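Got chain A sorted already, so can you dock chain B onto it with the hints?
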Amino acid sequence: GDALLPAPQSISILSTNMKHFLTWSPVIIQGATVRYSVEFQGEYEREYANGSWIPISECSLTTATLCNVTQDISASVPYRLRVRAELGSARSPWGTTEGFFTRAMTSLTPPQLRVLADGHHLLVELADMGPSFQFHVLYWKKGQESRVQQKVTREVSSVVHLDTMEAGAEYCVKAQAHVEAINRSSSFSPTQCVRAQGDTSLWL
Amino acid sequence: GSCRVSMSMAEIRAGFTAIKANIQSRDPIRTLSILSHPHSLHKLKPSDRCCITHQLFTFYVDKVFKHCRTEDSFVNRKISSIANSFLSASRKLGQCREQNNCVCGEESTEKFKQILANYEGLNVTSAAMKSLGELDILLDWMEKSR
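Chains as they are written, first to last, in my numbering: chain A, 1 to 204; chain B, 1001 to 1146.
One thing to keep in mind: the hints can contain errors.
What the hints assert, rightly or not - From the derived model, a few chain A residues whose C-beta atoms are all more than 12 angstroms from chain B:
(1) ILE13
(2) HIS121
(3) LEU138
(4) GLN144
(5) ARG195
Claimed, not checked - To give an idea of the interface, some chain A residues facing chain B are shown, with a C-beta separation under 10 angstroms as derived from the structure:
(6) PHE40
(7) GLU43
(8) GLU47
(9) ILE56
(10) GLN71
(11) ALA75
Note that these hints are calculated values from the structure, not bench results.
From a predicted model like this one, the values you see are computed outputs, not experimental measurements.
Just so it is clear, CB atoms sit at the ideal spot from N, CA and C, and this is done for glycine as well.
If we strip away everything but chain B, and leave its shape as in the complex, we get:
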């Protein structure tokens, strides 16, 4: 089967674009990447795409957004908007996995392990801010692989 999830990419993209510069300015470590090290998401096989998307959405909901609270009300509101959109989408993807339409292959499992290792290699606030700052990498990959 296949897994089709409706989500408002334009709304998420608009929310992120509004705070991207602010978030990325809080990430001092420019030489490291959470999502793209050592390999880009674009290298993943199409069959693994659904699984890694679900894993990444769950990763952002469980680990990232809660450590990104700032002193800026506008930024916090946009983060909330993205977080709630991710929660809504990850729920739908979860249903796909329950119906076995979103199988996890070896590649996506390996890739997600690497992302978690990159994340846990930094202190939690830096890791969370860096991950949030890389959201456009995820959004670009999702839109290219639609």
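The following block holds chain A by itself, in its conformation from the complex:
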């Protein structure tokens, strides 16, 4: 019965940019395919619903040792997660995460951006990081670091107009990602500089 099937070990949550994954070590039974089931519990379930646990259907009887729990860790409260092994009718004890996980613990990476000079126009394109994200874009004329301007945007995967540049001048841009739901920001991306097109008019 159950006693033969050990609980999964090394259970942990990997969370980057508000995407949360539960991982665990496989339970090895020679010649058998072990499956796993995952459940979660928020603070509401602990305090108002008799400590109940909620199964994650996408990770019920899965052979994977990874489960995407992003959709379920969707409030700013402490959560616990657990996983057990299953083989036929045998069930292992539950293995539960150590302590609590709150989505504010996610690690935030700087945004990826592409800075363009289109004639006199300073443009930036930001890679999509997910629905929770907005971006603080800082830009300045090289040499005038004290006159930095900021633009806040949610626009991703399309070009955003930042400024009209002086002919031939060089402009620099950097950005950080911000998540309102947890009120945290990433570090800044590396600075990228581009030069505006020179003046094409000729003095005769």
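This is chain B only, laid out in the frame that chain A set:
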């Protein structure tokens, strides 16, 4: 003072929208309203808004969500998401009330009494499902009165 609470309305709205049809199909009594009878939330004075919001969040956490468990795993997961968001927000609103930034006037006290009476007028599961089905009434009112 004033009470500013950050909460992800978009996430709550998305969670509710995903299960709204399912939840409302479980509510056979269409002629009654828990939140809007006899008067709409929109009639409340601005000064009463903070208090009624806190009372309603506490009402949903204490009385509603626990009686809305279904046979549908997806629905249960979305209810959990909303319930945990409401719990987080009601905690913050509670802090506002402790700091006297969320005073309860006569109007909000009266309105909340009426909501409780509407709720207790039905059997608990019907009342809970109806209240959950009316969540967009609360969300709309909160967004309009921001």
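Do the hints match the structure? See the list:
Once the 12 angstroms rule is applied to beta carbons, A/ILE13 is consistent with being away from chain B; the minimum gap is 16 angstroms. With a least beta-carbon separation of about 31 angstroms from chain B, A/HIS121 lies farther than 12 angstroms from that chain, consistent with its non-interface assignment. Remark: the non-interface label on A/LEU138 is consistent with the geometry, its nearest Cβ contact in chain B lying 24 angstroms away (cut-off 12 angstroms). For A/GLN144, the condition that its CB be more than 12 angstroms from all CB atoms of chain B holds, with the nearest at approximately 35 angstroms.
Interface exclusion of A/ARG195 from chain B stands, the closest Cβ pair being 39 angstroms apart, more than 12 angstroms. Below 10 angstroms, beta-carbon pairs count as interface contacts, and A/PHE40 has one with chain B at about 8 angstroms; its hint therefore holds. Contact between A/GLU43 and chain B, as hinted, is supported at the beta carbon level, the nearest pair being about 6 angstroms apart and thus within 10 angstroms. Here the hint on A/GLU47 is kept, as its CB sits about 8 angstroms from the closest CB of chain B, short of 10 angstroms.
Satisfaction of the interface hint for A/ILE56 is found here, the shortest Cβ-Cβ separation to chain B being roughly 7 angstroms, below the 10 angstroms cut-off. Among the interface hints, the one on A/GLN71 holds; its C-beta lies about 7 angstroms from the nearest C-beta in chain B, closer than the 10 angstroms criterion. Against a cut-off of 10 angstroms between C-beta atoms, the interface hint on A/ALA75 holds, since the closest Cβ of chain B lies about 3 angstroms away.
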